[in-house]
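Once you've looked at the hints, dock chains B, C, D and E with the ligands against the given chain A.
Protein chains in written order, with this note's numbering: chain A, 41 to 415; chain B, 41 to 415; chain C, 4 to 256; chain D, 4 to 256; chain E, 50 to 406.
Hints listed in this document are in silico derivations from the structure and should not be mistaken for laboratory results.
Beta carbons: idealized from backbone N, C-alpha and C, even for Gly.
Careful, some of the hints might be misleading.
Stated by the list, open to error - DSS-like mimics (lysine-lysine), calculated; alpha carbons at most 27 Å apart, straight line:
#1 B:Lys234 to A:Lys385
#2 A:Lys388 to B:Lys234
#3 A:Lys169 to B:Lys388
#4 D:Lys128 to D:Lys114
#5 B:Lys385 to A:Lys385
#6 E:Lys316 to A:Lys192
#7 E:Lys393 to E:Lys123
#8 E:Lys316 to E:Lys259
#9 B:Lys385 to A:Lys167
#10 A:Lys192 to E:Lys253
#11 B:Lys385 to D:Lys114
#12 A:Lys234 to B:Lys385
#13 D:Lys114 to A:Lys234
#14 B:Lys169 to A:Lys388
#15 B:Lys385 to A:Lys169
#16 D:Lys114 to B:Lys388
#17 A:Lys385 to B:Lys169
#18 C:Lys66 to C:Lys236
#19 E:Lys230 to E:Lys131
What the hints assert, rightly or not - Now the stretches of chain E that chain B is said to cover, found in silico as 3 or more residues with beta-carbon under 8 Å:
#20 281-293
#21 388-398
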Amino acid sequence: MASSDTTLDQPSFSEKIEPYISFLGPMAMILAIIIFMGIAEPARYFRVSNMTQILLDAALYMPMAMAMTFVITQRGIDLSIGSVAALSSIIMAFLIKQYGFPAWSAALIALCLGALMGLINGLVITKFKVPDLIGTLAMDLVYRGFALVIAKGLVLARFPDLITEIGRGQSLTFLPTPVVIGLITLAIGYFMLKSTHFGRYTISIGSNPEASEMTGIAVDRHRVYAYVLMGTMAALAGIMLTGKLNAIQATSAPYFNLHVIAAVVVGGTSLFGGRASIVGSLAGVLLLSMMINALVTLRIEFFWQSVASGVVIILSVALYTWLQKKDRDGSGGMAAALQNPDNRKLLKLTVWIVGALVVLSIISMIFGGPANPSG
Amino acid sequence: MASSDTTLDQPSFSEKIEPYISFLGPMAMILAIIIFMGIAEPARYFRVSNMTQILLDAALYMPMAMAMTFVITQRGIDLSIGSVAALSSIIMAFLIKQYGFPAWSAALIALCLGALMGLINGLVITKFKVPDLIGTLAMDLVYRGFALVIAKGLVLARFPDLITEIGRGQSLTFLPTPVVIGLITLAIGYFMLKSTHFGRYTISIGSNPEASEMTGIAVDRHRVYAYVLMGTMAALAGIMLTGKLNAIQATSAPYFNLHVIAAVVVGGTSLFGGRASIVGSLAGVLLLSMMINALVTLRIEFFWQSVASGVVIILSVALYTWLQKKDRDGSGGMAAALQNPDNRKLLKLTVWIVGALVVLSIISMIFGGPANPSG
Amino acid sequence: MASQEPIIAMHGIVKRFGGVVALNNVDLEAYPGEVLAIVGDNGAGKSTLIKILTGVYQPTEGKITLDGKPFQMASHSDAIENGIDAVYQNLAIADHLTPAENLFLGAELTKSIAGFTALDNKRMKAEATRVLKDRLGVQLKSMDVPTESLSGGQRQAVAIARAVRHDDLRVLVMDEPTAALGPQETARTLELIKALKAQGLAIIVISHSLDDVFEVSDRIHVQRRGQCAGVVKTAETSNEEVLGMIVGTKTAA
Amino acid sequence: MASQEPIIAMHGIVKRFGGVVALNNVDLEAYPGEVLAIVGDNGAGKSTLIKILTGVYQPTEGKITLDGKPFQMASHSDAIENGIDAVYQNLAIADHLTPAENLFLGAELTKSIAGFTALDNKRMKAEATRVLKDRLGVQLKSMDVPTESLSGGQRQAVAIARAVRHDDLRVLVMDEPTAALGPQETARTLELIKALKAQGLAIIVISHSLDDVFEVSDRIHVQRRGQCAGVVKTAETSNEEVLGMIVGTKTAA
Amino acid sequence: ADLPLKELPGIADRDHWLPDEVNQDGALEALQAATGGDAIPYAGTQENPLQIALIYPSADVSDFWARNYMALTKRLDQLGIKYETREFASRQVEHSLQATYASQVDQDADLYDFVIFGPSELATQADNIDKLSANPDLTTFVWAFHTPLKYLKTQPAGWFDFSSAYGAIKICDYMVERLGKDVTYAMNRGIPGITDNQRSGDFKDCVAEKGNWNVVYEHYGEYQREGGFEGTQLILQAYPEAKVIHNANTAMSMGSVEAQVAIGKEKDIFSTGWGGTGLELDAIRRGELDATPMRMGDDVGAATAEAIKAHLEGRQDELPLVFLGRITVAHDNMSIEEIDSLEKEAFRFSGVGALER
Ligand SMILES: Nc1ncnc2c1ncn2[C@@H]1O[C@H](COP(=O)(O)OP(=O)(O)OP(=O)(O)O)[C@@H](O)[C@H]1O
Ligand SMILES: Nc1ncnc2c1ncn2[C@@H]1O[C@H](COP(=O)(O)OP(=O)(O)OP(=O)(O)O)[C@@H](O)[C@H]1O
Ligand SMILES: [Mg+2]
Ligand SMILES: [Mg+2]
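Next comes chain A alone, as it looks inside the complex (with noise of 0.2 Å):
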């Protein structure tokens, strides 16, 4: 069969540069972070000491940030992580401080535990047939309800070494325990990814799961596998936080889900199912705790961290969407996007709405009664 003779023979260099595209997005924000602090705030940023407290924060993230690669690939979702990290390492403080369980074996319990939320979370998907997005909503409001039933507002706090190790300890010298713990699950899931079924069944069916089906692949189940292993993987990262704070309760871990899925999308992993870079969920966790340490380091504001994180965010989203997109010639600038008859209808509804608000405040003013400060 003829092959398409209108391609150049020779890969050009966008074909060449297009399994990394993935991660040149938060690369590429990366970099400007790294500039724009160099002029900045070089001292303070770039100080061991900072370095290793932006690699702690992100060490929270990363094993969670690998199987939500996964999940996502196979166009899921997981929203529950927060609950089940929260739940698995109440019931091991728990284990710990009220039953004298050795830590060790609590540790391995919590992540038994985050395996089986998963898996009511994979069988919930698969077998209920609720969609991803309401099915892991729905079971996060239950396991939020245990663990608020289990642990009411008691702190569970002051755990063995262990634990603490595991969340924040230095012991091996040139980098932190949870730093070596999350790249190492990272390096595990690169390997999953290349080099097992389970890592390429993900990506098959993520990119077309009726193909999948017809294959002989077990889509409901490695779709469960999926869930299993974000379970899991959300315990693990319940136990590193449990260990970096020394202390667990049940309201922990609120912001887990939107955090990670923020850095795996950021990463080049796409919502849109089959494509994933385990690579770029490492550069989209680094970029996020590195953006938030930059903006502590800047004194700026809190208020404006959350700004900044929705603004940073949607760039690096936006960049390496624009990045990827081929067919870049048909556009043509500003001009040629004003003639566009859809854009002129949307920039009229624009100067609507801004008219609008523009009217009402003058006539408000004209007509208004004098002002009225007493909160």
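Showing chains B, C, D and E with the ligands alone in chain A's frame:
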């Protein structure tokens, strides 16, 4: 062209109820709640005051559920509505309290601001090509950040009558004002879905975006419209919330997103796009409000309410999916399910995880130290 | 058979996708009352060519004339407004809409209720039933079910009906309209093409089936690797010659 | 041409989807070294029939025998394990995987690293290149790009190569393998079918193109409205007769 | 000095010390007196302004942190101490982010002289308190807790707080006396945690013990106005027998009152607030809220300023380890003048009425 004669000529029963299936799920759950409460606690649950209470609770979510139905039907999602509501009503509150704007104009300005934020969401998604989930998630951070920047921890309270009327007024005697507002928005939504270009294109975009594009539909523009509608309705909900509480602060409305999405999906609108049900969304909103009310009436402990909500959401979505599934002959009961090698493998996995838990627990109890319950 | 003036003509069209040159300097003319077939191997640029003709893509270079006048299409709507419509290779059907809704998708009939413009669903349903029956001879059991529940042939009929519903349609483009059809439905479709041609439309058909091409077309445009390998009159050529042009062993006479 | 014993046979197969009866009491036999064509109008049940044959669907009633012994397939893997594989109508290709990865999807080659079983990507790539070249005569420019960047024909080649990569393949089912292909690639595919037949495989081809059917098949199974309208020897029938059977104006001789 | 200075009953069962176990006799009273009295300017001279880092969860709920900040800075101004501040804000639930802040300040110890740490949750941030306290370049004060944990290796230089437990006892005593025994009531609690345990839990135990009160429902309103509103709505409909609603903070009590007003029940229900903030006092004046344990809000910030002065003057040995601000019950039976003067005293630095920053 021959019509396929393998189907029966008379539409079968399942074909007849097909269009209504979408809200059969939540309706069945609502019925279940009614029956259950009719037995368990009829006197307290079925009082007029309690019914008003349920409606009042539900009213807040009706406009957003209407708009979210459009967003989800277009295969979108909006995770920023809580922040849009908070930011627009914070600004409204400032305009009223600090700058003496009349309430009606401040409220209209809030609606315009909501529309503007929706417009920004839409443009981020269609022009920057950031996937809906991550784009609105990031914009959520941005809007919430701005709300916090503007209002800090300040609570703005005690508003003119117009605002409280919108939020909890009774001046229409037969139904509370917010309920009337909510039902009107739903009715408008129903009309838009069935009888406007926007509604028609919403379904076609969700059903087949490429086909819609080729048919000459301005896909991106109509997606933006859906987000503008969503933003406006979120702002309306923000005003209603402000009026209901007679106060607003930057951290208000934290759970809008998930509550509204859950209600819409429970109501049978498909997260995979193309299938919309405004009536279902109403049923979904009512179901969630009735459920929470029922749990409190039954004097269920607070934390168990979270668990129960999760379970009810999953059950109603699963029930709906099950009702809708056509090819049900192939399955054939428990025994057949176990015959399936995939299910056997999953069962093995479950046994493994649970087994590991049990073994670890036993080991720990034998070798573990004494209990040390000093928190 | 063809009149002297083409309705629509493309001149020196080039289309690049990033590094890929999908079309390289292609000319094409469509005359009223004539069926022009486009044949060629996979990836030869057939679909791209007609997507440019119908305003779905913009050409990188080259120009289009309508009735001899330069004609710029910013979108597919521009094409439809000027009486040009298409039935695409992957049927552009929204599965969740009913046949009538699909038929009028993008060109809904409206009525006015209390000053508001609302869709006139009743009239659209009636019209759709009429178009399907009168122009295509198809009668569906129910017009109220989502299109996804129809058979392949019925869906195809809906897609074609959508294109031919305009009374001012002048150019109809069809990308592999029979590829997925059984023999009976293929025959039906070919008859339909002939009928439309008799109504004076310019019809452009892409097909891999040379039998079908020889049955309905007046001229054959052969695409090869992004370029036009030649245009021949159907009456003056043979199956073998066209095959040779497609494969590249022969050039146009 | 066919030996006496069918490799695989279906007896009295019924398949219902809810209220729809897609197949109604259908028999089918496939012999080694024989090409069996299945023809029929849209919705006649052709795809459903072969999905049952390859374990994708389970029949509602009826049974299947393999080498004369009853054979129960719980999933497609069971079919593959017994040397039955298929190329489906909508190419079952994962666009994001490379050709080699697609080729071995569901049947990856593995090696052992430090006691762990790992995918042997290198060997799969080499094997895939070999299978594509030796069995199908296709050479891709690069084996490292995602399959989505290949042309339709190349993708088709990958899909066929996946089915024929097993050395113990005995039955190959192809659902409209040439529908989307240009003349040159169609010819290639038909040659391939003949070559595989010569290797002793039982081949089942679904096609709407009677020309193709008459070129490669030994027997023709005509489906009509979920039932078998008859099976005829290709050498003993004519285009018109088969058409008549499809349309329902003739029954099997 | 080695802690504890003396042992009170039950010391073995606690993981923290009571104020009286660690404060030298008279030190608390002396600091309270200095805080309440006129400012005596700092005697020494400063080369550079003091650098003060504040880490606290001020990003949501009430103006508590903002008022403390203003009391601190205004009192420093009065004392004639030059200073610059740097705030590290977060939300109440973001323990991790606060841990990051603590590490950040710890590694930037060269930048700061004092760090004021308001933990998101005491046990969760205990290790961070320890870390900051151990840093020789920093002087660490803890805000909003008054329970020095025994297991800290290094105690911070001071704990400044209102005793929520003490407030709970105060309001409990007041209510049992006013409403009598065997009352049925409901609660709007906050976010599960130590603060809520003291404000709500201690109250619950106290009224049960002293008045045999019976709680029918505990709602968790997350310290949000919506939470208080919703909880009260639910309570009013499902538990009409509850005549008293206890709210664990200002936001929830405002929501609670609003829900009562919405259906005209504010006169029938006895509801309490927490803290005696301006909003609560206004509600008491309007007759919507009935009683609240009122903190002399600006005591904590002002006392911290006095403590800083003492450190600058080398008198840190005279300071108590735990400072407690004053708490009294404000209620609707008070005259408007009484309430006004209480409010003036409480907010003498941060100002009466809505907060302007
Ligand atoms: N959107 C696109 N982006 C990049 N390349 C494209 C795009 N669309 C088409 N191409 C490339 O342009 C060339 C021509 O494609 P086209 O679809 O026009 O071929 P065709 O003749 O219709 O083939 P077929 O017979 O398989 O339908 C191919 O090499 C194809 O890969
Ligand atoms: N999963 C399914 N659920 C319900 N009905 C189905 C399903 N699959 C097929 N059918 C129905 O079964 C009948 C036979 O379909 P099948 O796909 O086998 O036809 P076909 O002969 O392959 O048609 P074509 O030539 O269009 O591919 C059709 O009426 C179809 O609508
Ligand atoms: Mg094509
Ligand atoms: Mg088929």
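Going through the hints against the structure:
no., hint, in the structure
1, B:Lys234 to A:Lys385, "23 Å, holds"
2, A:Lys388 to B:Lys234, "25 Å, holds"
3, A:Lys169 to B:Lys388, "21 Å, holds"
4, D:Lys128 to D:Lys114, "14 Å, holds"
5, B:Lys385 to A:Lys385, "55 Å, violated"
6, E:Lys316 to A:Lys192, "33 Å, violated"
7, E:Lys393 to E:Lys123, "15 Å, holds"
8, E:Lys316 to E:Lys259, "25 Å, holds"
9, B:Lys385 to A:Lys167, "14 Å, holds"
10, A:Lys192 to E:Lys253, "15 Å, holds"
11, B:Lys385 to D:Lys114, "23 Å, holds"
12, A:Lys234 to B:Lys385, "23 Å, holds"
13, D:Lys114 to A:Lys234, "13 Å, holds"
14, B:Lys169 to A:Lys388, "21 Å, holds"
15, B:Lys385 to A:Lys169, "19 Å, holds"
16, D:Lys114 to B:Lys388, "25 Å, holds"
17, A:Lys385 to B:Lys169, "19 Å, holds"
18, C:Lys66 to C:Lys236, "24 Å, holds"
19, E:Lys230 to E:Lys131, "54 Å, violated"
20, 281-293, "holds (count 5)"
21, 388-398, "violated (count 0)"
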